[in-house]
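K.L.:
Just so you know, the protein sequences line up as chains A and B, in that order. Counted from 1, the first sequence has number 618 at position 135 by our numbering; the numbering is strictly sequential. Counted from 1, the second sequence has number 144 at position 159 by our numbering; the numbering is strictly sequential.
Among the hints, a few may not be true.
[As the list claims (entries may be wrong)] Here are the simulated BS3-like cross-link-like pairs (lysine-lysine), alpha carbons at most 30 Å apart as the crow flies:
no. : chain 1 : residue 1 : chain 2 : residue 2
1   : B       : K180      : A       : K659
2   : B       : K107      : A       : K650
3   : B       : K107      : A       : K619
4   : B       : K197      : B       : K180
5   : B       : K50       : A       : K655
6   : A       : K655      : B       : K180
7   : B       : K197      : A       : K655
8   : B       : K107      : A       : K632
9   : B       : K107      : A       : K655
10  : B       : K50       : A       : K517
By construction, these hints were calculated from the structure, which means they are not laboratory data. Keep in mind it's a predicted model, so treat the numbers as computed, not measured.
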Amino acid sequence: MKLPRTIYIAEPSEVIYEGLAAIIRRTCPSCEIKHVTDFQLLEKNLGPSTASATVIINPSFIQYQQKHFSEIRAEYTSVVWIAFVYALMDPKMNPLFDHIVTANDPAQVIVDILHSKPSEKLTEPETPDILSEREKDVLIHLTAGLSNKEIADQLNISINTVITHRKNISQKTGIKTVSGLTIYAVLNQIISIEKIR
Amino acid sequence: MFGNRTFYTEKTELSGLVINHPRLVQVCEYFGMVLPYGQKTIAAACSERNIRPALFLSISALYCKTADAPREDLTPSDIPAIVVLLKNTHRYYLEEIYPEIQQHIQLLSENTRSEEMRLVEKFFDEYFSEVKAHLDYENQLVFPYIEQLLTVKNNESHTPYSVQDYQEHHDDIEQKLDDLINLLIRHLPDQCDQKIRRNLYFLLKRLDDDLKIHSQIEEQILIPLVRMLEQNLQRQ
Chain A
484 MKLPRTIYIA EPSEVIYEGL AAIIRRTCPS CEIKHVTDFQ LLEKNLGPST
534 ASATVIINPS FIQYQQKHFS EIRAEYTSVV WIAFVYALMD PKMNPLFDHI
584 VTANDPAQVI VDILHSKPSE KLTEPETPDI LSEREKDVLI HLTAGLSNKE
634 IADQLNISIN TVITHRKNIS QKTGIKTVSG LTIYAVLNQI ISIEKIR
Chain B
-14 MFGNRTFYTE KTELSGLVIN HPRLVQVCEY FGMVLPYGQK TIAAACSERN
36 IRPALFLSIS ALYCKTADAP REDLTPSDIP AIVVLLKNTH RYYLEEIYPE
86 IQQHIQLLSE NTRSEEMRLV EKFFDEYFSE VKAHLDYENQ LVFPYIEQLL
136 TVKNNESHTP YSVQDYQEHH DDIEQKLDDL INLLIRHLPD QCDQKIRRNL
186 YFLLKRLDDD LKIHSQIEEQ ILIPLVRMLE QNLQRQ
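Isolated chain A, as found in the complex (with noise of 0.2 Å):
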């Protein structure tokens, strides 16, 4: 089970940040909670280093600077913003957070919410499901069966790009697998059925 290793939250209240604090900790020991009583203060702390943090937000810190949030978040696109609401929120606010969770829900959600993949957050970044020209040209030589290398050598292009553009064609089709792949591009006209027998 892979949780985030850094968890910060940002609540004013004392009392609601130990209470997430001591629900985090029964499930994940050695997360690592870090309390950020005002926005000026979490914008500081999330560096480059904070590749797969957690923020747990009360979402009065950013009521008045939207915008600003909206960025923030456009910068750090892995991290997973969870708003903790436990007096009114706009709903227009929604969209903001990748999950809302209320002072009223079981203490389950928060726990399931840190447990879930990334890829099911509840708002996706604006990656559409259509695959680009060069991420069809590495599945259907993915499909081919050719491997990380032969696949970087005809494309000319680096391993790691081709990891990159892997990575990027599991998350918009939500398969992995080769053999799934190959069936996501026949099914898509990106390969003929022909070539697979």
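Once you've looked at the hints, dock chain B against the given chain A.
P.N.:
Frame of chain A, contents of chain B only:
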């Protein structure tokens, strides 16, 4: 335990527990407890099967997703009951749910007569053989090894064996199942029968869920207990 309202103990009636948590009817079955439960308490039902109520409640909590494994109060004496549980889940996979999924996929394939559906059928058949191979490996190698450990008095004669590749197998099995779910929900064309497709989806999700807990039991409960047992034997 089990959500924030009710706290179940070994004095709770088994029927009450199962009525509030329907999926536990299957967990009971895995443990060899069959319907009807009558007025039996959890403790009584467990003692009939030589299961410690603490183990039963821990595993039940896992299936109800109200707690994470592992619990500190489990001991190597719980291993036989865990092995029974795992063997019964294997039987459920091999004899019930996988064949049922296979039937649904075959039905879809027959109904649409599309080449693409035939590919899905092939994908599933290959996947199913891999699963069978893995479950056979556990049934024929891992469980007998553990059972042997339980009966030896000292470390004179147990076969050295490693459980390293456990995790890898499980990841692979879950990944292909994930792919199947994604193909069904996101990609397969709409000429497929909606009802079969929906039922197939439910079956796949049920299997997916059960497999996840199954590997959790193996990796986070069984293996650590077996290691404990191995260490105890070495010390003798």
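K.L.:
Could you grab the alpha-carbon distance between K655(A) and K180(B) and see if it respects the 30 Å cut-off?
P.N.:
holds, 26 Å
K.L.:
Straight-line Cα separation of K197(B) and K180(B) no greater than 30 Å?
P.N.:
holds, 26 Å
K.L.:
Starting from K107(B), check that the Cα of K650(A) is at most 30 Å away, please.
P.N.:
holds, 25 Å
K.L.:
Straight-line Cα separation of K107(B) and K632(A) no greater than 30 Å?
P.N.:
This hinted pair holds, its Cα atoms lying about 28 Å apart.
K.L.:
Can you confirm whether the C-alpha distance between K50(B) and K655(A) stays at or below 30 Å?
P.N.:
Satisfied, since the Cα-Cα distance of roughly 29 Å is no more than 30 Å.
K.L.:
Is K50(B) close enough to K517(A), meaning Cα to Cα at most 30 Å?
P.N.:
holds, 26 Å
K.L.:
Decide if the proposed pair is consistent with the structure: K107(B) and K619(A), CA atoms, cutoff 30 Å inclusive.
P.N.:
holds, 23 Å
K.L.:
Given the hinted pair K197(B) and K655(A), is their alpha-carbon gap at most 30 Å?
P.N.:
Roughly 23 Å between the alpha carbons, so the hint for K197(B) and K655(A) holds.
K.L.:
Is K107(B) within 30 Å of K655(A), Cα to Cα?
P.N.:
holds, 23 Å
K.L.:
Run the distance test for K180(B) versus K659(A): straight-line Cα separation, threshold 30 Å.
P.N.:
holds, 26 Å
Against the hints set out earlier in the document, no violation occurs for any number.
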